[in-house]
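Colleague: Here's the letter readout for the chains.
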Amino acid sequence: MAKLRGTGIAAVNYPTGMNLGGDPSQALIHATTSGSFVVTLSATDLGQGLRTVIAQIAAETLGVGVDDVFIDTADTDTGPHDMGTFASRATHRVGNAVIAAAKEAREALLEVAAEELEASRDDLETDGLGNIRVRGAPGRSVKVTDIASLAQFTYGRTISGRGAWMKPRSAVDPETGAMDPDSTEAHACTVAEVEVDTETGVVTVISIKSAYEVGRQVNPALVHGQIVGGAWMGMSHALYETTTPYYPDPGHRPKDFSEYLMPGAHETPEIDCVVLEYPSSNGPYGVKGIGEMTANSPIPAIVNAIYHATGVRIDELPVTPELVLRGLEAKERHASGGVTPSTAGD
Amino acid sequence: MTADLHVVGRSVPRSDGVGHVTGRTLFTTDRSFPGMLHLKVVRSPVHHALVRGIDLSEAERVPGFVRALTHVDVPHNVYTILGLIGVEPEEEFVLAEDRVRYKGEPIVAIVAETEAAALEAVACVRLDLEELPAVFDVEEALRPGAPIVTHWGNNTFMYEGHPCRRVRFGDVEAAFARADHIVEGVYNTKPIEHAPTETTACIAVPEANGRYAVYTNTQALYFSLDNTAIILQVPGSRLHFIGGTVGGAFGGKVDVIVEPLATLAAMKTGRPVKYAFARWEEMQVSSTRSAWRIYVKDGVMRDGRIVARKVTSYADSGAYSRQTPYALTKHAANAAGPYAIPNVSIDAYCVYTNHVPSSAMRGFGITMASFAIEVQMDRIAEAVGLDPWSVRFLNAYRNGDMKPHRKRAEDATLIETMQAAAAFVGHELTPEQAAMTSDPRREGGE
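Here the protein sequences line up with chains A and B, keeping their order. Numbering (numbering that gives the first Met the number 0) for the first sequence: 0 to 345. Numbering (numbering that gives the first Met the number 0) for the second sequence: 0 to 445.
Hints are computed from structural coordinates only; laboratory data are not their basis. Some hints could be false.
[Claimed, not checked] Listed below are the simulated EDC-like cross-link pairs for lysine to aspartate or glutamate, each with C-alpha atoms no more than 16 angstroms apart in a straight line:
#1 B:LYS267 to B:GLU112
#2 B:LYS406 to A:ASP172
#3 A:LYS142 to A:ASP126
#4 A:LYS142 to A:ASP74
#5 A:LYS254 to B:GLU280
#6 B:LYS296 to B:GLU112
#7 B:LYS406 to A:ASP126
Okay, chain B solo, but in the shape it has when bound (with noise of 0.2 angstroms):
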């Protein structure tokens, strides 16, 4: 097949690298528009309180104000980004109501004629909270009594009538029975962000024929839109999202969060308005990759064999679930690894705390499964006296193994690939290692 193509399999020069390189590239925040006003945003000081009041006085007096939003103007307030796909139920609020959940949740949105004027309004805005326990661990707030971050009295995002995203197949504890040995391993991993070089951005531009266009850095124009006529109440005709090169994104840029307000907010004033997150803003109110906790524990056969793997993950997805309830899922189809085990359990759970809310990154719920299983392999290696590579070609799956989530492998390549591996390093394999492939039928069956 190779042979016959002509362009594809060339490495032929990126259509926009001269642009990125010369700095002619043309993003968001480049384009300026006549009579454009600014939005900035009062965000919640504590990590979980009532909001008992808000005084805007002070702020209305600063020169170039022109007007603030609070939840009262959003004509839907609460919404829920997956909620286009079904996911239920709606959670986030665009601009906070009663209680605030999360250090650096948005209260009240100002829009002011210049960035400066819109911050120093910000500054000016008082509020009255009254701070409530927050619960910051993954497991602590799933015990009872513990603070309820969400609006419906529980810490966890429900599938289906379950607390966590299950899989279940075969049967672990009778494995775990029969195992020579069981590896444990508990898995620990910290928030991250995406940190684009382009932060978060867009300008809402109000058309003489009633539309709003809007320029924006998102990944998903469509989800953008979609998700912002939902809030907004309008057709979603009335929308005209352009977007164009992006600086980065990495799954930061799947979130709904600046266009809502920078529309709603060219709809009230008539005029262009640009929301575009500081830099400090993208480190500390963006999402993040969620904290993850994940515990493993394997039956293992005297020669190296995987009978059984039970994973127990919790994702921190912050005070609200955004795109993490689906990341949730992908992790339950790949948390046993790239691995033959004939009895799988997975509970997967994504926890609501008072941290700031996480959601997609590259590697989506599976990036921190390869850390836990990946490090766990080695713990099975030394515990039957393997090395690493050993327990891996033993165990890896081949075309045709079930996976645990009930569907055949196809395009297994886990072994050439760590030949590949092993002979770019200079490792040497054993004769039956060079010798396997993915596919046991050029085997001669098994």
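Isolated chain A, as found in the complex (with noise of 0.2 angstroms):
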């Protein structure tokens, strides 16, 4: 009985968006006579950030400061369409039409300022701070704050923007399966390191180590939250959950947490990741979506390193200590004829 270490590798691609029925996302900002920015939408924040990641979006493109932008949403009596937060596609889709909405409205916002300014369109510049000047000519400038105030109590005039942006439906041949069905692939490559024990079969987690590809990183530290909290899923899907243990036998389901296992703080390991960027040619600034991805290739890593701890190849998850068991039993039966041995049809 021995504890065995491993490492293993994956590597994997991953779609942004969708394409079936076409798949849509709107936008509309205004400013308010406070000079700050109310983006309005109908998409839904999962959790995962995209509130703060649109913000940034929008700021980025009006040219003012991040506080000064506020997100409304979810709501359709207010919200113009989206498709719904899905398939890696939010923060490209609805990035996309923010970034429409947000160029709208800065023209607006410039126009208002040209008047103000009584200087050139064309001359204006924001300095992301929250001010418009004229290029050029220091000391001519005026705060956006300001510009918002005076549209609507001395121009008369609305501040505002509308985005949409669509991938339009693609169908697919259904002798051929030529599609186009999504709008852009991130990719990572994960390393995780495993040790197994012999005599209880149970799998340790050492470490997840990955390089992801993301496009742009809108906001790193979200990047990183989601990297590290799909690795965590990726190694409970690997090792963990299941709601049918012995399917196909649909019985003994699990009811609540205590009977579905996930891994707690004490089984996670080290995750750490590096992450590149190679902006694409149609998200927001370049972005590519990783929501769903991150939870992929923790999985083959995970057993991959298995096997090369062990000698034994696992062909199913979860990967439950008896299964480990099984294999290394099979092995040692195996181990005379020199057959790789492997948990399929055993």
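From these two lone chains plus the hints, build me the complex, please.
Modeller: Here's what the structure looks like:
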């Protein structure tokens, strides 16, 4: 009996967005009298931080500070249409819609500023800190907050913008499968290290280390959070979770978190990553979606690491201690024949 | 470009973070309304049965009972979530009619003054069921004589005349014939639960103007609104859906399960109605990730190059397909993996069984393809005597390559990502691997 260590790798790509039925998102933006901007959507924040990254994209395009942008979302009476938050699509689709809306609102803002400054619209620029200034003319500047107020009370103008983005519907050829199912692809390569206890069959994950290529990070802390959370979820898929432990037998279904096992803090390994940025051609500021993919590569990386540690090739999930022990027994039985043991058909 | 950016690329604190960690974020069921009723569901206790009778007499005598809803109360009782984008046929029953197809299928909805009264009345409903043979394995479900789950006579979803989503690229059989090695694997995965912290829930509130405000933790407000309008046969303009922060979803809140019944109950009673899954319902009755069985057969040359890949996949959709037909399409587009393979054949089957329906989940159709393909890559490496890194560098797709679904690769960076991972963990690459790029032109053409 021994504790055997091994490492395994997996490399994956993952599509951003979808195509069936078309994949649209819309956004509206308007300035309030106080000079803050409200972005109105119907896309939901699932806890991944959509509101925050959309505020960043809106602020970037408007040329104002992120603290001056508020996200009003998830109401079908006020928010324009959105397909939904899934398919690793929200930052990409909503972000593109928000850029379009913010460009229109920014134009309205600069038109008013041009009148107030008695300057040409084309000579104006924003500094990203809440000021509009005349290019090459130090001292000639005005605050966005002042323009927003003047627009409403002096000029009788609205500072607002509409934005939409849509990937058109693309039918699938039923004979060949030819299709255009996504907008871009993000990438990941994960290296997992495990320790397998050959007496108990328990697999301990030592570390999950990954490189990700995500186009553009709008918010690196949130990207890191997705990668760490996804690695945990992938590890949980690989070693712990199922609603149907004896599938296809439908019995013994867990009913709560005391029966449906997931790794706790004690089992959670070192999780770390490096992130590359190769901007996509069609995402907002080059974004690619990574919402879903972060659970993917950890699973085969862990399973490949178990093989590296033990010589037991696992073909099914989750990899329970029982499965590992049966694999080790099969390996001993087949040792003289030199056949690679497999859990398939066991 | 990065140098010009002010806010994009900065780790600004998330705007809702303080609310989350101090418990002040408002979730759907944190709301309460005067006169709010509670809805609970009578569910099938068996996997497959004919419904012979429903006796509500005892339930109706429970103090606090307000009313029961059965399929006759649902204006358009048979629906398909993806019907909005043209997927056919309509197949799932909001409330069961003459047959139940999975353990936990809703048969009767009980509306009561309190949650306790609703649960007591649910327990008092007597069902007369005649159990039928059930099928639980994807390949058994496709054999002649298997119990039929659907109402159209076989257990597969049909893709424009085919029983599976197909990809055909090159000639796999010819390539297998000239390959030095044939490497085969069979990969099985079990269903899993999304396990969100916040269970699926909504509250439907009648408004004085004849409209209904529906507070919901759906991932897709308009998708849920439009499906609810179809099921209740009302104009979408009479519905007002309000979401907010969702307490975890992972694909589990794309199904439209609670909103139609809660809104129907609000219409029938004129009072706000709350329908929230208990934890056991989230675990045992809400959609799962599909179980998968994936057969992979690869033709490989002596140097490790993959010349043909044939994938036959079966996703267990359970009793109703929900989002699974689309998952198979997405699977088919990605099941060859991020590799340049000149001959690919994929058959991806959406199979009906008597399991709880599966549906969308994070990695939709791809997570389990990645598991199968990436374990298979290590099998190939072993067969030809390469290390796991080398077999992947050798076969990595690059910009300009035609993918099996006939879309040319544009944003490929698999090679750069593997190089970064190798550097991150201290794995030494060969000089050739270290010099590779995903853009063949940068290497002087090919």
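Colleague: Does each hint hold? Answer for all of them.
Modeller: Checked hints:
Straight-line distance between C-alpha atoms of B:LYS267 and B:GLU112 comes to about 14 angstroms, which keeps the hinted pair within the 16 angstroms bound. Straight-line distance between C-alpha atoms of B:LYS406 and A:ASP172 comes to about 12 angstroms, which keeps the hinted pair within the 16 angstroms bound. Taken as a hint, the A:LYS142 and A:ASP126 pair is honoured in the structure, with Cα atoms around 10 angstroms apart against an allowance of 16 angstroms. Straight-line distance between C-alpha atoms of A:LYS142 and A:ASP74 comes to about 31 angstroms, which puts the hinted pair past the 16 angstroms bound.
For the proposed pair A:LYS254 and B:GLU280, the alpha carbon gap of about 8 angstroms is at most 16 angstroms, so the pair holds. Distance hint between B:LYS296 and B:GLU112 is unfulfilled; the C-alpha atoms sit about 58 angstroms from each other, more than 16 angstroms. The suggested pairing of B:LYS406 with A:ASP126 is violated, with an alpha-carbon distance near 41 angstroms, which exceeds 16 angstroms.
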